[in-house]
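Asks: Protein sequences, first through last, are from chains A and B.
The opening residue of the first sequence carries number 59 in the working numbering; numbering runs sequentially from there.
The opening residue of the second sequence carries number 3 in the working numbering; numbering runs sequentially from there.
Hint data in this document are derived by calculation from the structure and do not stem from the laboratory.
Have a look at the derived ranges for each label pair, beta carbon to beta carbon: (1) Gly-332(B) <-> Ser-222(A): 37 to 45 Å; (2) Ser-546(A) <-> Met-85(B): 29 to 37 Å; (3) Arg-118(A) <-> Ser-153(B): 36 to 44 Å; (4) Gly-13(B) <-> Ser-424(A): 41 to 49 Å; (5) Arg-118(A) <-> Arg-285(B): 16 to 24 Å; (6) Leu-123(B) <-> Gly-154(A): 48 to 56 Å; (7) Gly-332(B) <-> Ala-228(A): 40 to 48 Å; (8) Val-76(B) <-> Ser-546(A): 27 to 35 Å.
A virtual CB, placed ideally from N, CA and C, is assigned to each residue, including glycine.
Next come the chains, spelled out residue by residue.
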Amino acid sequence: MSTVPAWERLISIATLGTARAAGASDDLWPDASIAVAGSPEQGVLRAAAATYLWTHAGRRIAVQPPSTLVAPGDQSNSSALVREAAAWRFGRMLSGEHAALLEEWLSLAAASGRVLPPQWVPVALDHVPRELCLRFASVLGPTARWLVRQNSNWAAHVQPPEPSLDRWNAGTLQERCVQLSLQRVRDPASALAWLQSTWSADPPEAREAFVKVLQSTITAGDEAFLEAALDDKRKAVRMAAVECLTRLSGCAHVQRAIARAASLLTWQSPKGLSRLLRKAKLEVRLPAALDKPAQRDGIEAKPPAHRKIGERAFWLTQMLSAVPPDYWSQRFGCSAAALLEAAAGTEYALDLLSAWSSAAVRQPSSEWLDALCAGWLASGLEAGLQTEALVRLIAAAGEQQPTLLLKYLRALLPSHLDLALDLLKQLGVRWGAEITQLVLEALRDVVRQDQQQWSHARNALQAEAQQCDVATARQQLPKLMEVCAESSPWRNALESLQDVVEFRAAMRQELVT
Amino acid sequence: MQAAQSLAKPGKWGNLGRNQRLLWGECQGSGANPYQVRVDLQDVAYKCSCPSRKLPCKHTLGLLLLMINDAVQVSAALPDFVMEWSGNRAKRAETRPSKEATAPDPEAQARRSEKRETRVLAGVEQLEVWLTDIIGQGLAAARTQPLSFWSQMAARQVDAQAPGLARRVRAPLAVEVRQLIGWTQDQDGVRARAGIRDHWSVLGRRQSEDEQLRTQRTWLHGRESQRFALVLEFAVGTQPLPATFVTGQCIDAELVYFEGVPELRVLEKVRHPTLQARIALPRVLDVTALQTEHAARLASNPWLERWPVMVAPMLPIMSGGQPYLQDDTGRRIGLVAGFRHGWNLLALAGGEPLAVFGEWDGETLDPITVHCRERWFTLAQLGELPLLSQVA
Numbered sequence: 059m060s061t062v063p064a065w066e067r068l069i070s071i072a073t074l075g076t077a078r079a080a081g082a083s084d085d086l087w088p089d090a091s092i093a094v095a096g097s098p099e100q101g102v103l104r105a106a107a108a109t110y111l112w113t114h115a116g117r118r119i120a121v122q123p124p125s126t127l128v129a130p131g132d133q134s135n136s137s138a139l140v141r142e143a144a145a146w147r148f149g150r151m152l153s154g155e156h157a158a159l160l161e162e163w164l165s166l167a168a169a170s171g172r173v174l175p176p177q178w179v180p181v182a183l184d185h186v187p188r189e190l191c192l193r194f195a196s197v198l199g200p201t202a203r204w205l206v207r208q209n210s211n212w213a214a215h216v217q218p219p220e221p222s223l224d225r226w227n228a229g230t231l232q233e234r235c236v237q238l239s240l241q242r243v244r245d246p247a248s249a250l251a252w253l254q255s256t257w258s259a260d261p262p263e264a265r266e267a268f269v270k271v272l273q274s275t276i277t278a279g280d281e282a283f284l285e286a287a288l289d290d291k292r293k294a295v296r297m298a299a300v301e302c303l304t305r306l307s308g309c310a311h312v313q314r315a316i317a318r319a320a321s322l323l324t325w326q327s328p329k330g331l332s333r334l335l336r337k338a339k340l341e342v343r344l345p346a347a348l349d350k351p352a353q354r355d356g357i358e359a360k361p362p363a364h365r366k367i368g369e370r371a372f373w374l375t376q377m378l379s380a381v382p383p384d385y386w387s388q389r390f391g392c393s394a395a396a397l398l399e400a401a402a403g404t405e406y407a408l409d410l411l412s413a414w415s416s417a418a419v420r421q422p423s424s425e426w427l428d429a430l431c432a433g434w435l436a437s438g439l440e441a442g443l444q445t446e447a448l449v450r451l452i453a454a455a456g457e458q459q460p461t462l463l464l465k466y467l468r469a470l471l472p473s474h475l476d477l478a479l480d481l482l483k484q485l486g487v488r489w490g491a492e493i494t495q496l497v498l499e500a501l502r503d504v505v506r507q508d509q510q511q512w513s514h515a516r517n518a519l520q521a522e523a524q525q526c527d528v529a530t531a532r533q534q535l536p537k538l539m540e541v542c543a544e545s546s547p548w549r550n551a552l553e554s555l556q557d558v559v560e561f562r563a564a565m566r567q568e569l570v571t
Numbered sequence: 003m004q005a006a007q008s009l010a011k012p013g014k015w016g017n018l019g020r021n022q023r024l025l026w027g028e029c030q031g032s033g034a035n036p037y038q039v040r041v042d043l044q045d046v047a048y049k050c051s052c053p054s055r056k057l058p059c060k061h062t063l064g065l066l067l068l069m070i071n072d073a074v075q076v077s078a079a080l081p082d083f084v085m086e087w088s089g090n091r092a093k094r095a096e097t098r099p100s101k102e103a104t105a106p107d108p109e110a111q112a113r114r115s116e117k118r119e120t121r122v123l124a125g126v127e128q129l130e131v132w133l134t135d136i137i138g139q140g141l142a143a144a145r146t147q148p149l150s151f152w153s154q155m156a157a158r159q160v161d162a163q164a165p166g167l168a169r170r171v172r173a174p175l176a177v178e179v180r181q182l183i184g185w186t187q188d189q190d191g192v193r194a195r196a197g198i199r200d201h202w203s204v205l206g207r208r209q210s211e212d213e214q215l216r217t218q219r220t221w222l223h224g225r226e227s228q229r230f231a232l233v234l235e236f237a238v239g240t241q242p243l244p245a246t247f248v249t250g251q252c253i254d255a256e257l258v259y260f261e262g263v264p265e266l267r268v269l270e271k272v273r274h275p276t277l278q279a280r281i282a283l284p285r286v287l288d289v290t291a292l293q294t295e296h297a298a299r300l301a302s303n304p305w306l307e308r309w310p311v312m313v314a315p316m317l318p319i320m321s322g323g324q325p326y327l328q329d330d331t332g333r334r335i336g337l338v339a340g341f342r343h344g345w346n347l348l349a350l351a352g353g354e355p356l357a358v359f360g361e362w363d364g365e366t367l368d369p370i371t372v373h374c375r376e377r378w379f380t381l382a383q384l385g386e387l388p389l390l391s392q393v394a
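All chains, full assembly: derive it from the sequences and hints.
Replies: Rendered as structure tokens:
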């Protein structure tokens, strides 16, 4: 027997052709005893058929070293599994249907305490965005952690990223920002120490980016560092430091801002009986000059070319923006609303409104945010500007946000549906039952009357279907469809809205009940 | 499906109704007249007047979804378009048995059969000469031949009434075309024979599509007989494939085997009323038994391409990015090329062995259904996603 395997020899003879390749045909058979006679061509074909069968029937697989797979242990017994129907809906979303609702599905599953069946976990790890996988690790369950041991490609989807000093020291700018913010969450002081250790050698763009990372997690421990950053060579770094310091209540920077602005506003509250006759009065005094310490604290000397504002009024707005708004109401012993009302009567009404708004966003106070929202709505400014201001103010509101949002939606609706929807869209928060009710009722009036071919609200509807309260929307939508004519331009938009709502309702039913 | 869901709203429909057997409705589409949709729930037949070539069309699916959501009321009166259709169907059903009633002329049959045999023999001889020629010249030379060189031979085999051979000639060009269809057996003759009544577990189902022909393969396993059975169903063009078997069900039926070595393909002769039984696990093999039995089958039929098997206990593993099943003696088998459910299997098993039903071709297993912790899963796909769908 030749050492070349029979199959390989057959292939090479067949490739060349028997006319050119000579070969002892008996030698081609897997066993000489089964060889049959024939022409050389038939010999090759028959030997090939016999060899194929010989190897197929005769193949035996060898024992492999045992696999080192360890079971995840507590799998599937620990928690109830997401039911099959719910899992298939999840699959449909992963393959593109209503993909935007994936996050809601995951949060419902997490709230119900259910775990994805193990066989669904690989597709989830492959197709659910990493950030969602990390946030909803409980839904992926122990199987995900176990799978990572078999396939490290999924590690980032399962193990929360750990801050690493090495990557802080050697990474790209973007990576260093990520490391800094991770370390900042874990240990703010040590993150600051990381930052200071490379600060003097970091390029200006990096210094600016790093200071911006600090802003959302600012603490009193950062003050000395930020004060020093006010003397940075690069303006962008200085401005980033100012943004941080104005958010740090009680710090020296804020004290200086108060001292600087204190004399700019005076309050004349009528005493005794005259209170009934005369309104309180706010007097505004423009700053006379801009000294070096004020400029160091971030007050710019020249207004940008596009802003139609005088130099000194520009200084005024910047100085007021750096002062916590509560300072004024406490000092003058009056409400924010009264101050704003009085301000509206001055020559600087809009400057004060926008300066106080910036200040309230930096040092939120629910009384001021509320009064400022009302102030913007009464300002008579262009609608887009009003919404923009409302979004900033309500976004800064923290715990008070739902109350504030509802209050001003009530003020906008039903007459300003476009503005209300815009506000909701930009805030990106979930609507409660009340908001859903309000919006859909307003929508009903519009649908009933509207014959225009285009409406901003109609285009916005689809995205907002994801935020509305499902139960309320299911109640309200049939009433809307009733008043919507078959030929109405609203018809399609309402039907897709209903699709999304129904999809979300089914999602809930499968996961919650 | 998404299109159908958008139609599953009562507002889109007129003339909706159903009775025990039929379901109907008129859906306003883009045309002037509404599309008339009717469904026979018992025979799983349907018709829609829309021009869509998708079967079932979105209107039919939408109507069925409506019914599932209980949005269709039972109605005693049938609209004309429903009456007409169900009447036609009943008529067609009546004419069918009459074909069986006219006894075939045995002489004419023998003549036809002889004629075909002669043609096939001539075709096979031609094929051998052609193959001998290729081997004489060498495959290297054959590789430079145009596509028509191969397809002409295939066409000649079709002319010679040996389409099974034709497929094999084409096979190198279209690997997925691997159906064992050659000389068809007379179905009425098969049906006339006595069958095997058993509780048959429906282990899995697959559909494949050729240019004109859609094929559905359903694998069954008898609880008492311990035999596998394969039901082949075909649909041409726009015909729907029948939905007579549901994976995960267990049916009480009499099946008749076609002739074969070994026997596998069956016809369903009688279906007895629905059985409330769980599907049963067939006899399981480890890797050594799998190979030994396959060798024995090859000895009886050297042309055997693949055979249904249940392998267990098998631990799914991934090694070098490739999926394997490993039995408890440490022997591994590979899975069919392009298998995409490797990680799903691994996750389902979670480090414990499971049982896999599939087709074994002597080298790799093509898994169809999986049994794990007393539950059954079938391999499925949703868009591009490989999934395991729980069926029982």
